[in-house]
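Reassemble the complex: the two chains are provided individually, in unrelated frames, and hints are given to aid placement.
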Amino acid sequence: TQLLEQSPQFLSIQEGENLTVYCNSSSVFSSLQWYRQEPGEGPVLLVTVVTGGEVKKLKRLTFQFGDARKDSSLHITAAQPGDTGLYLCAGEGDSNYQLIWGAGTKLIIKP
Amino acid sequence: KAGVTQTPRYLIKTRGQQVTLSCSPISGHRSVSWYQQTPGQGLQFLFEYFSETQRNKGNFPGRFSGRQFSNSRSEMNVSTLELGDSALYLCASSPRTGNNSPLHFGNGTRLTVT
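Protein sequences, first through last, are from chains E and X.
The first sequence begins at 1 in this note's numbering and counts up by one.
The second sequence begins at 112 in this note's numbering and counts up by one.
To be clear, the hints were calculated from the coordinates, so they are not data collected in a lab.
Be aware that a few hints might be false.
What the hints assert, rightly or not - Within a straight-line C-alpha distance of at most 30 Å, the following computed BS3-like cross-link-like pairs (lysine-lysine) qualify: (1) LYS57/E x LYS70/E; (2) LYS56/E x LYS70/E; (3) LYS124/X x LYS106/E; (4) LYS168/X x LYS124/X; (5) LYS57/E x LYS106/E; (6) LYS110/E x LYS56/E; (7) LYS70/E x LYS168/X; (8) LYS106/E x LYS168/X; (9) LYS70/E x LYS106/E.
Note that the coordinates shown come from a computational prediction; the quantities given were computed from them, not determined experimentally.
Next up, chain X with everything else stripped away, as it sits in the complex (with noise of 0.2 Å):
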């Protein structure tokens, strides 16, 4: 079964530019979460989807969206990147909804904003 994977591992974007992220879920899983992950902040929430519906928010300002297509796979938008958007987005699947739903998390893709 493949895992999660997430699309492109590296990127390099200045100030100012948007960025467009990509996850495909494991076959038949359902719900997508996404998280920063930055040293020394650990994993912060950014958002779930479940059924092409966003069904949780973290803290995060608006320049940050996404969303979920019919087939679960999700892509995550950021808009006027700044510096402090550098870091680590992890996307993770799940079979079902909930937060006692065990995650299973791609490698992420390494944001670096200049």
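Just chain E, same shape as in the assembly (with noise of 0.2 Å):
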């Protein structure tokens, strides 16, 4: 059975500090998505990375591949406010048809 576990579970940090989540497996996923999931609302796709060691940036979000594929890990700089969310990491296992989730990092940032 495939898993993915998320650390921490929880983050509560100041306004302006930076942070790394991890979203981590002894499996090998063909793909690994990340999604922010706001309070009210549902989850939504921020990042999808494919190829092993593949860093992709989106504004002070960096996403990183574990070379194996077999981890993956959101590093936010200066994090503000707007980023307090759900960060849900879902992999491409062996199923073609159903993603494997993580139970989610819940984030706050204090203003």
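Right, here's the structure in full:
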């Protein structure tokens, strides 16, 4: 059974600080997606990483896919209150029709 | 382009009742997936429909069922509601099936069972 573990489960920091959240597995994934879910809304796709070692940037957010395609990280520089939300990773695994989801990291950025 | 629309937004039901949730996908999207989201459990996959056919089903009891219409709109039904069914139910549409296709989520239906 393929699993994705996200850490930390909860993170509360001050505006302007940097942070990194992780999405780890013992299994290899063909690709990995990151979503952000704000309170009262559905998840919104941020990025898809496909190649081992790939780095993608989205303004102050940097996503990296591990060389072995078993893990991924999301780094936020100078966090803003607008970054507050639940960050979810989802992996394309062995099943052709079902993504494997992590439980999420709940991030709160205090002004 | 209109996003994914889920109705109703909030629902309160009593144990033993049944409920039907509705999802209208983005125009042109033929795949609709349903997820249950509870605190600490993350997103649990219920099922996916593509061109009116159920393509895949998660590990939920038979009380959970769904269907998709010819216009790609989808409904999900839960019968004999239990307290543990209280959750946010999310619908996501995609232009194609397959787990590498990006999902576009609606804002969900918050179901409370008392």
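Legend entry - Which numbered hints fail: Checked against the structure, no hint fails, so every one of them is satisfied.
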